[in-house]
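Colleague: One-letter residues, chain by chain:
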Amino acid sequence: MSSDLKKLYSDIIKRHQEAPFHFEKKTDMQNTIKAYNPICGDRFEVYVDFDRKTINQLHFHGFGCAISKASTSVLVKALEGRTLAEAIGLCENFLGFINKDLKSNEVLLQEDFKAFSGVHDFPERSDCATLAWQEMKKFLESRK
Amino acid sequence: MSSDLKKLYSDIIKRHQEAPFHFEKKTDMQNTIKAYNPICGDRFEVYVDFDRKTINQLHFHGFGCAISKASTSVLVKALEGRTLAEAIGLCENFLGFINKDLKSNEVLLQEDFKAFSGVHDFPERSDCATLAWQEMKKFLESRK
Amino acid sequence: MTFPVHAIKSNFPIFTHRPELVYLDNAATSQKPLSVIQTITDFYTKENANVHRGLYELSSRATKRYEEVRKKVISLIGASNQNTVAFTKGTTESINIVAYSFLKKKLKAGDKVVISAMEHHANLIPWQQVCKESGALLEIIPVNEVGELRLELLDSLLDKRVKLLAITHISNVLGTINPIEEIVFKAHKLKIPVLIDGAQSVGHYPIDVKKLDIDFLAFSAHKMFGPLGTGVLYCKEALAPHVDPHTYGGGSIKNVEFEETEFLDYPHKLEAGTPNIPGVLGLGAAVDYIQQLDIHEAIHHTKNLTISFKDKLKSLGGITLVGQAQNFGSIVSFQVKNIHPHDVSGFLAHANIAVRAGHHCAQPLLESMGVPATVRISFSIYNTMDDVDKTIDAILGVKKFWS
Amino acid sequence: MTFPVHAIKSNFPIFTHRPELVYLDNAATSQKPLSVIQTITDFYTKENANVHRGLYELSSRATKRYEEVRKKVISLIGASNQNTVAFTKGTTESINIVAYSFLKKKLKAGDKVVISAMEHHANLIPWQQVCKESGALLEIIPVNEVGELRLELLDSLLDKRVKLLAITHISNVLGTINPIEEIVFKAHKLKIPVLIDGAQSVGHYPIDVKKLDIDFLAFSAHKMFGPLGTGVLYCKEALAPHVDPHTYGGGSIKNVEFEETEFLDYPHKLEAGTPNIPGVLGLGAAVDYIQQLDIHEAIHHTKNLTISFKDKLKSLGGITLVGQAQNFGSIVSFQVKNIHPHDVSGFLAHANIAVRAGHHCAQPLLESMGVPATVRISFSIYNTMDDVDKTIDAILGVKKFWS
Ligand SMILES: Cc1ncc(COP(=O)(O)O)c(C=O)c1O
Ligand SMILES: Cc1ncc(COP(=O)(O)O)c(C=O)c1O
Chain G
1 MSSDLKKLYS DIIKRHQEAP FHFEKKTDMQ NTIKAYNPIC GDRFEVYVDF
51 DRKTINQLHF HGFGCAISKA STSVLVKALE GRTLAEAIGL CENFLGFINK
101 DLKSNEVLLQ EDFKAFSGVH DFPERSDCAT LAWQEMKKFL ESRK
Chain X
1001 MSSDLKKLYS DIIKRHQEAP FHFEKKTDMQ NTIKAYNPIC GDRFEVYVDF
1051 DRKTINQLHF HGFGCAISKA STSVLVKALE GRTLAEAIGL CENFLGFINK
1101 DLKSNEVLLQ EDFKAFSGVH DFPERSDCAT LAWQEMKKFL ESRK
Chain V
2001 MTFPVHAIKS NFPIFTHRPE LVYLDNAATS QKPLSVIQTI TDFYTKENAN
2051 VHRGLYELSS RATKRYEEVR KKVISLIGAS NQNTVAFTKG TTESINIVAY
2101 SFLKKKLKAG DKVVISAMEH HANLIPWQQV CKESGALLEI IPVNEVGELR
2151 LELLDSLLDK RVKLLAITHI SNVLGTINPI EEIVFKAHKL KIPVLIDGAQ
2201 SVGHYPIDVK KLDIDFLAFS AHKMFGPLGT GVLYCKEALA PHVDPHTYGG
2251 GSIKNVEFEE TEFLDYPHKL EAGTPNIPGV LGLGAAVDYI QQLDIHEAIH
2301 HTKNLTISFK DKLKSLGGIT LVGQAQNFGS IVSFQVKNIH PHDVSGFLAH
2351 ANIAVRAGHH CAQPLLESMG VPATVRISFS IYNTMDDVDK TIDAILGVKK
2401 FWS
Chain R
3001 MTFPVHAIKS NFPIFTHRPE LVYLDNAATS QKPLSVIQTI TDFYTKENAN
3051 VHRGLYELSS RATKRYEEVR KKVISLIGAS NQNTVAFTKG TTESINIVAY
3101 SFLKKKLKAG DKVVISAMEH HANLIPWQQV CKESGALLEI IPVNEVGELR
3151 LELLDSLLDK RVKLLAITHI SNVLGTINPI EEIVFKAHKL KIPVLIDGAQ
3201 SVGHYPIDVK KLDIDFLAFS AHKMFGPLGT GVLYCKEALA PHVDPHTYGG
3251 GSIKNVEFEE TEFLDYPHKL EAGTPNIPGV LGLGAAVDYI QQLDIHEAIH
3301 HTKNLTISFK DKLKSLGGIT LVGQAQNFGS IVSFQVKNIH PHDVSGFLAH
3351 ANIAVRAGHH CAQPLLESMG VPATVRISFS IYNTMDDVDK TIDAILGVKK
3401 FWS
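Residue numbers (the working numbering), protein chains in the order written: chain G, 1 to 144; chain X, 1001 to 1144; chain V, 2001 to 2403; chain R, 3001 to 3403.
In isolation and in its complexed conformation, chain G is listed as follows (with noise of 0.2 Å):
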């Protein structure tokens, strides 16, 4: 097995794919998010408890690969407790650290993120990887 690919698929990847943070359906919240990606078939809801400014839970639920899925895992790991400002700061750090287009001073990464670094050698991942925090970012966004 090469050495790229077991950086694709590091260690933290695998762990959020087999064991995903908060995967439940949470079909009774007033906030769901749709990460959904046409071509492949990738799917995914947010299920946000949203409440003045502030993140208080998140759960997701679907089916895609283990990028997609476990960089959903992070989102919601990463997310919760946040305020509208912080969770969009780091939507940003995390989409601008996969399409490589982060100053360096902004690079100040969480040890999840990191984990997705073996993306940049698979270009034709990197939507796996952004599928969820894109839409998040445009949801917060639209909150602001």
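Using 20 Å as the maximum straight-line C-alpha spacing, the simulated EDC-like pairs for lysine to aspartate or glutamate come out as follows:
| no. | chain 1 | residue 1 | chain 2 | residue 2 |
| --- | --- | --- | --- | --- |
| 1 | R | 3132 | V | 2257 |
| 2 | R | 3064 | G | 127 |
| 3 | V | 2400 | G | 4 |
| 4 | G | 14 | G | 112 |
| 5 | X | 1077 | X | 1135 |
| 6 | X | 1100 | X | 1111 |
| 7 | R | 3072 | R | 3208 |
| 8 | G | 100 | R | 3068 |
| 9 | V | 2046 | R | 3020 |
| 10 | V | 2254 | X | 1135 |
| 11 | R | 3337 | R | 3367 |
| 12 | R | 3191 | R | 3111 |
| 13 | V | 2009 | V | 2386 |
| 14 | R | 3105 | R | 3265 |
| 15 | V | 2071 | X | 1101 |
| 16 | G | 7 | R | 3057 |
| 17 | R | 3254 | G | 45 |
| 18 | V | 2399 | G | 11 |
| 19 | V | 2399 | G | 18 |
| 20 | X | 1138 | X | 1101 |
| 21 | X | 1053 | X | 1141 |
| 22 | R | 3132 | V | 2259 |
| 23 | V | 2132 | R | 3260 |
| 24 | G | 7 | G | 124 |
| 25 | V | 2072 | V | 2237 |
| 26 | X | 1053 | X | 1080 |
| 27 | R | 3186 | R | 3208 |
| 28 | R | 3399 | X | 1018 |
| 29 | V | 2064 | X | 1121 |
Simulated restraints on C-beta separations:
| no. | chain 1 | residue 1 | chain 2 | residue 2 | range |
| --- | --- | --- | --- | --- | --- |
| 30 | X | 1117 | R | 3109 | 52 to 60 Å |
| 31 | G | 54 | V | 2019 | 56 to 64 Å |
| 32 | X | 1100 | R | 3385 | 39 to 47 Å |
| 33 | V | 2370 | G | 77 | 23 to 31 Å |
| 34 | V | 2338 | R | 3238 | 44 to 52 Å |
| 35 | R | 3155 | X | 1003 | 57 to 65 Å |
| 36 | X | 1100 | R | 3017 | 22 to 30 Å |
Keep in mind the hints are simulated off the structure, nothing from the lab. Yeah, the Cβ is synthetic: ideal placement off N, Cα and C, and Gly gets one too.
Guided by the hints, dock chains X, V and R with the ligands onto chain G, whose structure is given.
Modeller: Okay, now just chains X, V and R with the ligands, sitting in the frame of chain G:
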């Protein structure tokens, strides 16, 4: 001027083009055949005075290149006074000659027909030579 | 006689440039033989001119060669009149033409269109939309657990209100080969016209539109060794006058005035605008290429690969085949237990094995089978037993990595 | 600085293969530079794969390169958002999309569509037909005796009932360059969207959709040194949501169920079916080729040829120029006294000079000018003064032969 162009625009063709036979509008005729090539815009009408299986008189009018005009003029001259069967035979003869699919024993051509032999070197002009003939043949066959 | 697969493979330049490539995404698009590529290059390099529109030699030669491809196509599909062949952008456009420029004007509220559950989006969405606009119903022939049409239900689905039946010859997901002869026969008893989606079959399997009495046949050049951007709509002579122009413009008209337009006959009325001339000439070269093959040997070859691949795959364990019809082509869809299809295809890609993962533009089919996505492998004439073995090895590797 | 015409001509392989060719049918289709031909060949030889549909390298690279061509196109036409650029089959299809998938649903009986008398059939028949289906009126801006739009009539033609104005930037028969800035300005005062037919202008003349505030711009790759079978529909961002899918199929959808379909946004909703990938990549190469030219020098060069040709032609006597607008491009239409245009073009063809004769897909225009057909000569960047002189000589020869 190259010799094949001289052959294409033979003296007979030039004469027919300059002084076409029965070139006159006869809009009162009950049978008007439209010969139109939408690609180049050539457009002739052939007026047929047709009576119990005999073509009494033909006239034509319209607009087209030297080849199409001369060939329509030759048609009018050749078919006047013919019976239906004779006229169809002449159409087949002329079309077969232009398209080079006559059996040798069928080639009993009129002098005016042979004037179009130059078209064999200019296959892109064969549509011009056959325009009115094709429509005439269709018309005659519908009256059989 | 064994199939000369290595000689054939050497006709396809991509394998000279990429000797390591194992290309198993043939159902998406096939590779192109040198003769097809050369036809396109030669046209642009030596013969480039517009058709129908000039009295100089290049233009009239382009026109003549363009028209001659219709003859090649009819000899491939068993038609007899070259004017039954219209050139389109591809299968998708061909089907849309039938939906919007033939069917729509006949469709009233309460009428029906019948398709099957295994249709590609291209043979589903046009009918769905035209039905919606007309108040007609879209009826679906379901598929059984092995991926075959439940034809025992056909009689109850067909009645006088059905205005068209559209069905794929070969499923691009399940590999199922449908018994189109029987289907056409049943539809015609009720005078229902039938469209066959030949995207996965034409050029690879014999098809005879006359013998089968097919009304419309749609297919794409790019899936049969020809260029992208070119396709065909075959239409039976009797129905051709009922197909209206679909796109309006130059080249398709007899006479134009500001107030009205008189159109040419089929197929020219469908070919408005400057056509994709090298695309059509390339299709002609592809037909030539196919016709010098022994098509039965070719089918035998790809069938061998398919059977061998399926057998070896199943022996790996933890594999679910999606589609196990009795009569199948060279397409295999499957799932690997606990591993998402994209992760499988990503691993294979890393080993230079090109396969596809996803819903393969047949989302409702997969949903109805309770499968969100599959890995799909599709064989063509240039694939070898070595390709099969490399792929099996790589799948074994994926399974090990995730276990 | 003189324009490096010989260096440029050497970029076009057809002139190496046919050194004797004088190609003056550029308005029908241009020749292709080596870089464009090579892009297509390389794709088929080394990179062939479908887009949007595979996780292996070839496929994702094809997708990436395909999408990047949108960026090249917006930089050519002065747009800022790559999602304003949809790839189509050509100008004809682009205009049909606007007529049927944008305008039709807005058009009621008594509404109007305004076009001009100098439109190509592609920018006439779609509006004529959509008006007929809706009970709307097609209004025509007439042309004066020198072939210019009678813009003094525009104010009286435009009112609240006009739902679209469609006009060509450059006439493919008369060579007239229309003042589209003024036309768009007047239309927008009444909130009328404007479609510009850029088939004869894009790539050859600067055009800035933002500055001119153009709503729709339609053009074809093959007339700007690119491949046949590919075109563009630019649509302003604000109108993009109002353009519906035109062809239904795979690749254009968000979600499909048997009952309904949710489509992607513009431009993807228009690109159903396997796209003409090498066609689009070839368009990208054509844009690259154009952008390394000095476009003002290029215009200066073809204008010089045009003026010189017109002057020499008139001095032959017995010539009628059809179209003598003040502001003209590199297209010249004319008649030779007593000699039918086809006989002229046939003679020229014999001297290896490719020109076009006929109505140039603008039959009503010629009819309104009382001219059944013309000879048309159109210059491009690779034409030389020698081409002009050879053509003049040949026309002199025709006149002698017939006198
Ligand atoms: C002004 C104009 N509009 C439209 C067209 C149609 O372009 P196409 O045939 O590439 O669709 C042409 C060219 O034939 C043209 O010159
Ligand atoms: C069965 C089937 N129908 C239709 C299509 C659509 O063909 P195209 O994309 O060439 O229009 C495809 C291929 O994608 C197919 O496999």
